[in-house]
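Engineer: Numbering-wise (numbering that gives the first Met the number 0), the sequence shown opens with residue 0 and increments by one.
Keep in mind the hints are simulated off the structure, nothing from the lab.
Everything numeric in this text was worked out from a predicted model, so none of it was measured.
It is possible that part of the hints are untrue.
No more than 25 Å apart at the CA atoms, straight line, and that leaves these computed lysine to any residue pairs for SDA-like [to be verified]:
hint	residue 1	residue 2
1	Lys250	Arg78
2	Lys176	Val201
3	Lys176	Tyr275
Distance ranges between label pairs, derived from CB positions [what the hints assert, rightly or not]:
hint	residue 1	residue 2	range
4	Met193	Met14	24 to 34 Å
5	Asp453	Arg421	16 to 26 Å
6	Arg73	Gly244	18 to 28 Å
7	Pro177	Ser418	17 to 27 Å
8	Tyr146	Gly244	25 to 35 Å
9	Thr455	Arg223	21 to 31 Å
10	Arg73	Gln340	49 to 59 Å
Heads up, the beta-carbon is just placed ideally off N, CA and C, and yes, glycines get one too.
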Amino acid sequence: MKVERVITVPVSDKMSYGVGNLATGIAMQILGTYLVFYSTAILHLPGRFIGMVMGVSILWDAVTDPVMGYVSDRTRSKRLGKRHPYLIAGAVGIALTNYLIWNIAPALSPGVKLVLISACILLFKTFMTIYVTPYTALGAELSVDYYERTSIQGIKSIFFILGLAFVSVAGMYVFFKPSQAFPVGQLNPRAYSMMGSWSSIVVVLAAVWCFVATLKYVPLIRTRDRAPEGAVAPGFRSAMSHAFGNKPFRKVVYSYTFSNLASALMANLGMIVFTYTFGLGGDRIAAILAVQFLFAILSQPVWMAVSTRYGKMPALVLGFCLGIAGSVWFAILVILNGSVQDNVLAFMPFALCVGSGIGALFTLPLSMVADTVDLDEAGGGTRNEGVYFGSLTLVYKLSQAVAIIVIGVMLDITGFDSSLPRQASSTLVSLGMILGLGGIASFVAAIACLRGYDLTEKAVEDCREQIAGRKRTGIV
0 MKVERVITVP VSDKMSYGVG NLATGIAMQI LGTYLVFYST AILHLPGRFI
50 GMVMGVSILW DAVTDPVMGY VSDRTRSKRL GKRHPYLIAG AVGIALTNYL
100 IWNIAPALSP GVKLVLISAC ILLFKTFMTI YVTPYTALGA ELSVDYYERT
150 SIQGIKSIFF ILGLAFVSVA GMYVFFKPSQ AFPVGQLNPR AYSMMGSWSS
200 IVVVLAAVWC FVATLKYVPL IRTRDRAPEG AVAPGFRSAM SHAFGNKPFR
250 KVVYSYTFSN LASALMANLG MIVFTYTFGL GGDRIAAILA VQFLFAILSQ
300 PVWMAVSTRY GKMPALVLGF CLGIAGSVWF AILVILNGSV QDNVLAFMPF
350 ALCVGSGIGA LFTLPLSMVA DTVDLDEAGG GTRNEGVYFG SLTLVYKLSQ
400 AVAIIVIGVM LDITGFDSSL PRQASSTLVS LGMILGLGGI ASFVAAIACL
450 RGYDLTEKAV EDCREQIAGR KRTGIV
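Taking the hints into account, I'd like the entire structure generated from these sequences.
Structural biologist: What follows is the structure, given as structure tokens:
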């Protein structure tokens, strides 16, 4: 049986689509990396309150993701399709709320600051959902080819990593330079305002580029979405039930969730641990992050090649193993923290292993989710990429909401006090070990969740044959 003809997406279009993920990387990283430090060290708000605010915001973000996915799946715009209407609206909202977050005056009363930052974060997360969920679903719709999906996700991941680097590396080198007034650049309130302004501008520019360059694919996607005569689009509950009834999808979701817990720990505690536990300045932290991001980018062709030869699941497991190795090394450094103070070279094995490992995490799970959508459609369902990707983020964000609340509480339990120039040694070791051991446990759990995943290239090809046959004969 002849399957649907694969229309190759030119590299230039893959890159233009990927530019949209630059906006995602910047927006996610700026909040994840700096918010806890900014809120405690600059705004002087209690860590437990910020942890609760972040936890609630991520919970809201998680719940709205599948809803937004369903809304975009059902959107019908002849000119803009079902994803593009939300790209510009979401990006503009992200930019405005991002700017406001980093321009809260430290002199305001604690109550006012808490209300302002809570409102801004909730709005920020809402606009992130409006932008990211349709954008991610769009990537799964550009191609039906098993390997080209990985290529699209790989290029998209490169731009996501560049977005992370823009915030983490450029932030340290450009915005948080040490000065006479602020020897530790991270303590300069003005630096956060500048970072908020420039990052907001880049977010909008990246989203507009992606919007304009991919608009021409709307007619092709509409043709592929054509359901057999008599097919009825499921309601929200039914669409969610289809997604979580898909066994390979569940395995990818749970694995993705656990592996992202390690990322949540590093994003929300990394700045504090690097600054206080290891005595690293902004330039040293930037160097470590730069190497980590560099290897995440350089590893993309490797993961594409490994997944082509051995399959997507084995390649992803290898990436998680590298994450475990990096986490073990980090835990050793925490134990030896007195001997590695301000020693950036000691962190290079960690940056190399974790950077290469997260390169797989950024690319392969999303490509695997696109395959699970084919499985659902082949079984008689309709295409619901938005619901699938929204459900993916629902589960892992729920877990991150809990993780961030716990992190805020742990800051208080371990005795962390941002007003002190030096922290107790027990506090420094405890926070560092939360990162190291937490990373190991997260990656091990992620590997365990993938046991029994069987959606291979051959299985996906069989799904495409069934879909093509149903559309030709009009069988629902």
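Engineer: All hints are to be evaluated individually against the structure, with a verdict given for each.
Structural biologist: Cross-check of the supplied hints:
Between Lys250 and Arg78 the CA atoms are separated by roughly 36 Å; this puts the pair beyond 25 Å, and the hint is violated. Pair hint Lys176 plus Val201 holds up; C-alpha atoms about 21 Å apart against a cutoff of 25 Å. At roughly 17 Å between alpha-carbon atoms, Lys176 and Tyr275 fall within 25 Å of each other, so this suggested pair holds. For Met193 and Met14, the Cβ-Cβ distance of about 29 Å falls inside the hinted range of 24 to 34 Å, so the restraint holds.
The supplied range of 16 to 26 Å is broken by Asp453 and Arg421, whose beta-carbon atoms lie about 54 Å from each other. Between Arg73 and Gly244 the CB atoms are about 20 Å apart, so this pair conforms to the stated range of 18 to 28 Å. Pro177 and Ser418 have their C-beta atoms about 20 Å apart, which keeps the hinted 17 to 27 Å range intact. For the pair Tyr146 and Gly244, the beta carbons lie near 27 Å from each other, so the given range of 25 to 35 Å is met.
Evaluation of the 21 to 31 Å hint for Thr455 and Arg223 yields a pass: the beta carbon distance comes to about 22 Å. The hinted range of 49 to 59 Å is satisfied by Arg73 and Gln340, whose Cβ atoms lie roughly 56 Å apart.
Violation of the numbered hints given earlier is confined to hints 1, 5; the remaining hints are satisfied by the structure.
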